[in-house]
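Protein sequences appear in the order of chains A and B.
According to our numbering, the residues represented by the first sequence are 161 to 550, in order.
According to our numbering, the residues represented by the second sequence are 161 to 550, in order.
Hints in this document: simulated from the structure, not taken from any laboratory.
Where hints are given, some of them may not hold.
Here are the simulated distance ranges between beta carbons [what the hints assert, rightly or not]:
hint, chain 1, residue 1, chain 2, residue 2, range
1, A, Asp-270, B, Glu-405, 26 to 36 Å
2, B, Gln-480, A, Gly-540, 18 to 28 Å
3, A, Leu-366, B, His-437, 37 to 47 Å
4, A, Asp-268, B, Asn-362, 40 to 50 Å
5, A, Leu-366, B, Glu-405, 31 to 41 Å
6, B, Glu-280, A, Glu-181, 51 to 61 Å
7, A, Gly-540, B, Ala-233, 51 to 61 Å
Coverage of chain A stretches by chain B, computed from C-beta distances (three or more under 8 Å per stretch; other residues unrestricted) [stated by the list, open to error]:
hint, region
8, 206-217
9, 334-346
10, 397-406
11, 456-467
Built from N, CA and C at the ideal position, the CB exists for glycine as well.
There are 2 protein chains.
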Amino acid sequence: MGLRGTTEIELSQANGHVLREDLQADRDLPPFNRSTFDGVAISSTAFKNGSQTFSIKGTALAGSPRMKLASSADCLEIMTGAPLPEGADCVVKIEDLKIANGEATVLDPDQAELGHGVHEQGSDCRRGETLLKAGSVITPKEIAVAASIGKATLQVSNSPRIAIIATGDELVPVDSIPEPHQIRRSNDLALASALQAAGYANTTRLHLDDNLEKIEASVSKLLGSEDVLILAGGVSKGKRDFLPEVLVNQGVDRKFQWVSQRPGKPLWFGTFNREQHDYPVFALPGNPVSCFTCLHRYVLPALDKWLGKRKGFPVYAQLQEEMAFHPPLTLFLPTHLRSEKTGANLATPVPFNTSGDLVSVAKTDGFIELPRDRTHFDKGEAFRFYPWIV
Amino acid sequence: MGLRGTTEIELSQANGHVLREDLQADRDLPPFNRSTFDGVAISSTAFKNGSQTFSIKGTALAGSPRMKLASSADCLEIMTGAPLPEGADCVVKIEDLKIANGEATVLDPDQAELGHGVHEQGSDCRRGETLLKAGSVITPKEIAVAASIGKATLQVSNSPRIAIIATGDELVPVDSIPEPHQIRRSNDLALASALQAAGYANTTRLHLDDNLEKIEASVSKLLGSEDVLILAGGVSKGKRDFLPEVLVNQGVDRKFQWVSQRPGKPLWFGTFNREQHDYPVFALPGNPVSCFTCLHRYVLPALDKWLGKRKGFPVYAQLQEEMAFHPPLTLFLPTHLRSEKTGANLATPVPFNTSGDLVSVAKTDGFIELPRDRTHFDKGEAFRFYPWIV
Chain A
161 MGLRGTTEIE
171 LSQANGHVLR
181 EDLQADRDLP
191 PFNRSTFDGV
201 AISSTAFKNG
211 SQTFSIKGTA
221 LAGSPRMKLA
231 SSADCLEIMT
241 GAPLPEGADC
251 VVKIEDLKIA
261 NGEATVLDPD
271 QAELGHGVHE
281 QGSDCRRGET
291 LLKAGSVITP
301 KEIAVAASIG
311 KATLQVSNSP
321 RIAIIATGDE
331 LVPVDSIPEP
341 HQIRRSNDLA
351 LASALQAAGY
361 ANTTRLHLDD
371 NLEKIEASVS
381 KLLGSEDVLI
391 LAGGVSKGKR
401 DFLPEVLVNQ
411 GVDRKFQWVS
421 QRPGKPLWFG
431 TFNREQHDYP
441 VFALPGNPVS
451 CFTCLHRYVL
461 PALDKWLGKR
471 KGFPVYAQLQ
481 EEMAFHPPLT
491 LFLPTHLRSE
501 KTGANLATPV
511 PFNTSGDLVS
521 VAKTDGFIEL
531 PRDRTHFDKG
541 EAFRFYPWIV
Chain B
161 MGLRGTTEIE
171 LSQANGHVLR
181 EDLQADRDLP
191 PFNRSTFDGV
201 AISSTAFKNG
211 SQTFSIKGTA
221 LAGSPRMKLA
231 SSADCLEIMT
241 GAPLPEGADC
251 VVKIEDLKIA
261 NGEATVLDPD
271 QAELGHGVHE
281 QGSDCRRGET
291 LLKAGSVITP
301 KEIAVAASIG
311 KATLQVSNSP
321 RIAIIATGDE
331 LVPVDSIPEP
341 HQIRRSNDLA
351 LASALQAAGY
361 ANTTRLHLDD
371 NLEKIEASVS
381 KLLGSEDVLI
391 LAGGVSKGKR
401 DFLPEVLVNQ
411 GVDRKFQWVS
421 QRPGKPLWFG
431 TFNREQHDYP
441 VFALPGNPVS
451 CFTCLHRYVL
461 PALDKWLGKR
471 KGFPVYAQLQ
481 EEMAFHPPLT
491 LFLPTHLRSE
501 KTGANLATPV
511 PFNTSGDLVS
521 VAKTDGFIEL
531 PRDRTHFDKG
541 EAFRFYPWIV
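Take these sequences, add in the hints, and give me the full structure.
See below:
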């Protein structure tokens, strides 16, 4: 497929992007033996040899250069995050000390062992170690790691240019009052929002009437400029379902249609070659539930794979009602999802019309996939669960 | 708490916001008896009375006004999404028909029953029905519902103004080369990214040295203008840990500190009253793992509650290793999360230093909470799991 370009962005803007470089530690982490307590830094050898009381010679602060114990009879007060002084190898917590007359006495011998209270240099990672790999999806914790190694900007995948085209004479704008036979455009907005939430914000939305010439002209133009086309509606067998014909006429290589599934049977997928690169074209059914389901089951996984995103893990959930479904179709069944105190995911179907009952579907958390080679599904059986993007 | 204000935003920008109005259906959904197939619309009564073949009188298209069957001997071709014609009460799918010589013959009597192929007016919801309630978090599916009922703009909660203040002399900017005893600022960036991902994008970040006067001046100013203060570092018992004192001196009402937990024991929480409203002040430990954990366990749930967000469901996961932990502290243990094919969530701990090993924690998916009144935790036992925000 085309579109493997990268772009450089500010670290603070990187959330949700796909990293396109390996990130190495530029120094050991922690970069020095770091105190993990507020306490005193001593030599554990001196303590083992019988010293219990140490003369306090100063204070080691976080952000100050490393200090030094002049003698093993001495100690330094030390604050969390401060470098362990030269000559010290242990930090005794303030609670485990008696401090009086400029001296610190260790109260609990177990708290004065070698390495106690020390976050050792290089124990998290060594200089040069790869901390994040290309293909990682950047989330806040990756941002924290990148910041700690000085990456103020990151190389990330270019966000693909995605055109979302809703088709259908019956569609009117959201802010208009429809005639009784009309409905408002919701698919393009739902698709754009879900794509944005999934990290694909570079979208444009448009609407086309069921007019063969206009659809041809628009599709032709979009195939010349966009990286991804997602069409909604006009893809089935109706008299005004021009898309399959138009797409093939415009040179899109049809890969599949008529997957044995409900909802979403009319789903059409092809690729378009432009300057030696293939670009994906998805034509989704216009039924809002089908459209939204196919986005999650096909479009988002395909885009993630295309961008080389490291995959999240698949989720499985236990069906909470016995089900029978006889048509030889894979069934995508919207369900609530809950997590039991036993750690089990429970998927509870809600009553809905597969014909397009978006209102009921909006109350669910995602859908389970019931395989097409079976007709009966037991209560308690687990199936793959696809969460709606939030 | 203060800040209950609302603001109006474009529907396309609403993802992640909290709805502050109930949304009602402005008409029945579907608004008309809608064909769910491409086929022919007939009278099921005529079919039951013996007619199998109907004369095709035209085509009902999606987006065209409702048509009419002049006689029960007639039928109309009908496309998916078109209004069912007056006089028809059933749609027979194209696959279940023979069409020849301007006539359609029904092949399968089971497919010609009353209501077949009809998505009935009002079956998804009735006009006036409340579809989304105030407090709902808006996600793409809610956007689809709002679009379908003509809400081009929505009333949503004002995003709170959040100041994130990293403190500590040891901190240097991300793009600088630190001295050996210095580290780069990562907490403020991690907090801001996580807050943004959780729907709290209205943040400012700043850094303060461990200087009592400067901290007092800054905190005083911020308490006068911001809705939420989140401080990181300087909150424990060290000599330069000025924050608890400063916050109390500036009139912040301390609610709690020293929760028996690891990591995060120094966590400090208070509220500040300004013009008869209370505003939250969180002071988080500076250790990156503590800071990030406390954000997820305290700050995000508190903000969600404050904004009146309807809660998501708690997740539980089964610990995959026997664990012993003796200190009388609640343990927040970073783990991988996987979902087994049985539907069970599995939480696998990764080796890490509680002292601040962000690199290891960045490889995990979240943390489980092991209660403080126990010391041994069995393999397979389930505990509450908190996912890292992505």
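The hints, checked one at a time:
1. A:Asp-270 - B:Glu-405: 26 to 36 Å: This hint holds: roughly 32 Å between Cβ atoms.
2. B:Gln-480 - A:Gly-540: 18 to 28 Å: Holds, at about 22 Å.
3. A:Leu-366 - B:His-437: 37 to 47 Å: holds, 45 Å
4. A:Asp-268 - B:Asn-362: 40 to 50 Å: holds, 47 Å
5. A:Leu-366 - B:Glu-405: 31 to 41 Å: violated, 59 Å
6. B:Glu-280 - A:Glu-181: 51 to 61 Å: With a Cβ separation near 55 Å, Glu-280 of chain B and Glu-181 of chain A satisfy 51 to 61 Å, so the hint holds.
7. A:Gly-540 - B:Ala-233: 51 to 61 Å: holds, 52 Å
8. 206-217: Coverage by chain B is violated here, the residue count being 0 at a Cβ distance below 8 Å.
9. 334-346: With 13 residues close enough to chain B, the hint holds.
10. 397-406: holds (count 5)
11. 456-467: It is violated, with 0 qualifying residues against the three required.
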